[in-house]
Amino acid sequence: MTSRAVAIRRMWMSPSLSGRGRGEHVARQRAGRRVSARIGRDGAARLRIEMRNSAALRTEMRSAGRAIPLCGGGMSTRRASARFVHGRGAMTGPPMRLAVAALLLPMSLGACGQEHPGAEGALPTRLPPGDHATVDEPFEPIPQSVSLDPRRVELGRRLFEDPRLSGSGERACVDCHDLGAGGIVPGEPKSNHPRNETGPYNVPTVFNVAYNFRFNWNGKFETLEGHLSGPMMSENVMDAGSWDALVERIRGHYRDDFVEAGYRDGVDEDNVRDALATYERALITPNSRFDRYLRGEIELDEDEERGFELFKTVGCITCHQGINVGGNLFQRFGVVADAFEGRPVNERDMGRYLLTGNEEDAHVFRVPSLRNVEVTAPYFHDGSAATLQEAVKHMARVQLGYMLSEREVRDLVAFLRTLTGTLHGVSLAKEGGR
Amino acid sequence: MLGALRVAWLVLGVGTLSALGLAVTTDVDRWRHDQYSKQTRRARELDARLNEEVAKSRLGIVTHYDDLVRTDDQIRVVQDELDRIPDYVGEGHRSEIERRLERYAATLDEKRDLVETFKSEQAILRNSLRAFPRSSDRLLARIERTPDTHRLHEAVESLQHDVMRLALAPSRKLASQTRCDLRAFDDEPKGAEEGCSVERAEVPPSLSRPVDTVLTHARIIIERRKSTEDLVADIMTLPGSERAGAVADAYEAAYRDAEQSSRTRWGVFLALGAALLMLGAAYIIVRLQTSAAKLRETTGKLSDALDALAQERDREKELADLKSRFVSMTSHEFRTPLSVILSSSEMLEAYGQRWPEEKRAMHLHRVQDAAQKMSRMLDGVLLIGRAEAGMLHLNAEPTDVGAFCDGVVEELRAEIGADRELRAIRDLPDREVSLDQKLLRHVLLNLLSNAFKYSPDDSVVTLEVGHDDEAIRIEVSDEGIGIPEEERERLFEAFHRCSNASGIAGNGLGLAVVQRSLEVQGGSVEVDSTVGEGTTFRVRVPFVEDES
Chain A
1 MTSRAVAIRR MWMSPSLSGR GRGEHVARQR AGRRVSARIG RDGAARLRIE
51 MRNSAALRTE MRSAGRAIPL CGGGMSTRRA SARFVHGRGA MTGPPMRLAV
101 AALLLPMSLG ACGQEHPGAE GALPTRLPPG DHATVDEPFE PIPQSVSLDP
151 RRVELGRRLF EDPRLSGSGE RACVDCHDLG AGGIVPGEPK SNHPRNETGP
201 YNVPTVFNVA YNFRFNWNGK FETLEGHLSG PMMSENVMDA GSWDALVERI
251 RGHYRDDFVE AGYRDGVDED NVRDALATYE RALITPNSRF DRYLRGEIEL
301 DEDEERGFEL FKTVGCITCH QGINVGGNLF QRFGVVADAF EGRPVNERDM
351 GRYLLTGNEE DAHVFRVPSL RNVEVTAPYF HDGSAATLQE AVKHMARVQL
401 GYMLSEREVR DLVAFLRTLT GTLHGVSLAK EGGR
Chain B
1 MLGALRVAWL VLGVGTLSAL GLAVTTDVDR WRHDQYSKQT RRARELDARL
51 NEEVAKSRLG IVTHYDDLVR TDDQIRVVQD ELDRIPDYVG EGHRSEIERR
101 LERYAATLDE KRDLVETFKS EQAILRNSLR AFPRSSDRLL ARIERTPDTH
151 RLHEAVESLQ HDVMRLALAP SRKLASQTRC DLRAFDDEPK GAEEGCSVER
201 AEVPPSLSRP VDTVLTHARI IIERRKSTED LVADIMTLPG SERAGAVADA
251 YEAAYRDAEQ SSRTRWGVFL ALGAALLMLG AAYIIVRLQT SAAKLRETTG
301 KLSDALDALA QERDREKELA DLKSRFVSMT SHEFRTPLSV ILSSSEMLEA
351 YGQRWPEEKR AMHLHRVQDA AQKMSRMLDG VLLIGRAEAG MLHLNAEPTD
401 VGAFCDGVVE ELRAEIGADR ELRAIRDLPD REVSLDQKLL RHVLLNLLSN
451 AFKYSPDDSV VTLEVGHDDE AIRIEVSDEG IGIPEEERER LFEAFHRCSN
501 ASGIAGNGLG LAVVQRSLEV QGGSVEVDST VGEGTTFRVR VPFVEDES
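These protein sequence lines are chains A and B, in that order. Residue numbering for the first sequence follows the numbering used here, starting at 1 and increasing by one per position. Residue numbering for the second sequence follows the numbering used here, starting at 1 and increasing by one per position.
This is chain A alone, in the form it adopts within the complex:
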């Protein structure tokens, strides 16, 4: 890093702009130098360095709207774009970009508690960091806000609700991932067969997917962008035909929107994926009772607390852990006992064996997240458990070898209810629960 960049970094010592509202913030004013930042309407921060002495060099730097992922992530200078206003070309090129990155560094330090998805060009990161928990448990609260480009989130939302993406033109993503119904298919749950007749698998929730390490029940996909190919091209789901066909169908309706959202190439496959994935990452449900408990804001009720203890002692916690209370490993369905006892085993029950061909992967699935489990009935990959109580009892028996008493089941379910979060401030739980 050039000495100049280092000097700039030292100058910029004030921690963060995160959490600040729109308007001008003067960070530092020294003889001959004035550094200020302005957070614009679109959430992008504009940094301005005015140096009186050197011929009124004014450099306006603008972050691309996405802060640089830091906490555990790498730093890339590709994200910041620098525009020069009345500048002399002295500060150009790589040293400048490093300086810009250095400047944005403290911004992202303060914004560490927020989600930092990958920016254009870089691979998207999974499991962004969560909020800080005061309780010492292997969980993290979902962060209360994310820093994503709002234009892209909005564009993604429109695509998510657009039935033109499907081959038939009648089905949109939102039809099976209803946000008002827990991110899954709306309507009354039926047992022993999946909600939607169109696919072999129970529809997983679309909430908090940014915190899953793989997608689909068999964990086929590693990224949200990659995962989109699955449902899009599947005949049972969206039956889009091909990405080219899909893009052609929607191009006319989104002509300028993509460019306005910052996609230079307009409507193409990568940008559609990116917009949709950005929207999906925005679908977080923070502030569940459990998260508030983790942050030390509230105490759990007695039954919830008993349920939590059982959760730990029975052993659910060994697989349903982490920020998403699950979603970060594979596990066999039926560890100590046969999960499919008393019913025929069909193809979809084979799990990852269908991907890898390893016998050891038979009945191995991606461990789902338990967040919002209260509102995502039915349960399991085939929807064979209609109620949470059924699911809990089955799990305890076949995974852990425990025969739970009714009281224990009630307590566990009470605990699981605390995992229900809020969307736009409104709890997902319906009156009385299920």
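Treat the hints with care, since some could be wrong.
Said to hold, decoys possible - Computed list of lysine to any residue pairs in SDA-like fashion (alpha-carbon distance at most 25 Å, straight line):
| id | chain 1 | residue 1 | chain 2 | residue 2 |
| --- | --- | --- | --- | --- |
| 1 | A | Lys220 | B | Ala106 |
| 2 | A | Lys220 | B | Leu114 |
| 3 | B | Lys56 | A | Asp136 |
| 4 | A | Lys312 | B | Ala371 |
| 5 | B | Lys294 | B | Gly3 |
| 6 | A | Lys312 | B | Asp137 |
| 7 | A | Lys312 | B | Arg130 |
| 8 | A | Lys393 | B | Pro210 |
| 9 | A | Lys312 | B | Thr228 |
| 10 | A | Lys312 | B | Lys294 |
| 11 | A | Lys312 | B | Arg134 |
| 12 | B | Lys453 | B | Ala371 |
| 13 | B | Lys373 | B | Ala361 |
| 14 | A | Lys312 | B | Arg58 |
| 15 | B | Lys226 | B | Arg172 |
| 16 | B | Lys56 | A | Asp131 |
| 17 | A | Lys312 | B | Leu59 |
| 18 | A | Lys220 | B | Glu121 |
| 19 | B | Lys317 | B | Val327 |
| 20 | A | Lys393 | B | Arg219 |
| 21 | B | Lys56 | A | Lys393 |
| 22 | A | Lys393 | B | Glu121 |
| 23 | A | Lys312 | B | Ser120 |
| 24 | A | Lys220 | B | Asp67 |
| 25 | A | Lys312 | B | Gly508 |
| 26 | B | Lys373 | B | His332 |
| 27 | A | Lys393 | B | Arg134 |
| 28 | A | Lys393 | B | Glu110 |
| 29 | A | Lys312 | B | Pro210 |
| 30 | B | Lys173 | B | Glu229 |
| 31 | A | Lys220 | B | Glu110 |
| 32 | A | Lys312 | B | Glu121 |
| 33 | B | Lys56 | A | Arg332 |
| 34 | A | Lys312 | B | Ala106 |
| 35 | B | Lys453 | B | His393 |
These aren't lab readings, by the way, just hints derived from the structure by calculation.
Since the structure of chain A is provided, determine the placement of chain B on it from the hints.
Chain B only, in chain A's frame:
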């Protein structure tokens, strides 16, 4: 020479520019190098971190798997970055780096698979480790409440004891021991096998379920206790860091080479630039030299011109001198006869009546002579002047040479008197020839006059006239004072009088007139003379051709 240099310079200039272009475009981007080597370092760091997290998970220090996922994510990012090999890496190095990246990726994929397996196995094992003591204790309690279960109690107790010890410190002995314990619960115990003699334990139906649970946990612990540890060992010994290090090494070598070639290219550019400069200097020098040579040439020409001018000037000066001399001599020569005329005529006027006839005739003759002298001098001056101005033209007419000569001699008699002897030898042409009589008269008259003037009274002057087909030859000899050797060159100059002729009157124009007249006629004159003995002039005058 200059042209060749110019071409060479142009060629070299093009070469230098392209060398510069090459050096600049293939210059090693320092910043990119920093980026890339940072990634190679990071790859190793992340591999170490992955191992660390697996160990922490194994030891139960960390009880969630989010960190493993995040580290794996960062490794993916680094892999992606490393796949973007910088442009300045040469072809050979690039393929080597790619090869090593593939091996690194393969190792990482293997590691990832093992880590996934570890996560699931570890979870199961931990659960069983937690569940087994509790469930086996509860089972034992229930067995104690159930009658006729002594053997079962024994078997379960033994199993619990051995499995717990196995859980703490696995060994082969314990492994076989526990397996032996398990056989007690088999439907058909195999009996004595490898030192395992165990009696079958009957399980009452009411207890079959909890016994199954305990046995399952026991089996899980027995099977996975060692295997999980082996799995961790495999993960940690996979050479992820080494492979990343290999990539880093290959890249470093590539970078050094790129730096080297970059330096070489810059060196080539500098060398070419220096050669260009030197060639340019050489070109300038050569140009300067040629200009200097031209300058010298011009200067030489200038000095030549100046010399010529100086010569002209000298000649002009001579001419001016000559002119002034001419003027002074002429005026001097004119003054003498003029004064004679004046004095004689004045005296005649004053005393003429009293003088005797002879005296009067003498003075009159003096006046006439003086006038004639002046007239002759004037003629001579005019002729010379006309000759100098190029206005003396040949006017040929048919001439009877004999008659002509007679006429001239008769004219001369008046001047020299009757006493002087003239010997004449004649070989005349038999017809009339074409000659310029006026000019020839000048020649003959002056030569004869000089011969008589510059020889004693009693000497003989010889006139020989001859001819050939093309010219007439006249030879005039005398026995006079002769012409000194050193004055031959200046003999025909106007107003020149020889040093030995100071006692004899003359104006120095005679021979000048002879020469000018001969020049116009195309003739020539030769002189032979010995001082004190005599002089011979030989003249040749060609006949004038008819230009028809």
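List in ascending order the numbers of the hints, as given earlier, that are violated by the structure.
4, 10, 21, 25, 28, 34 and 35
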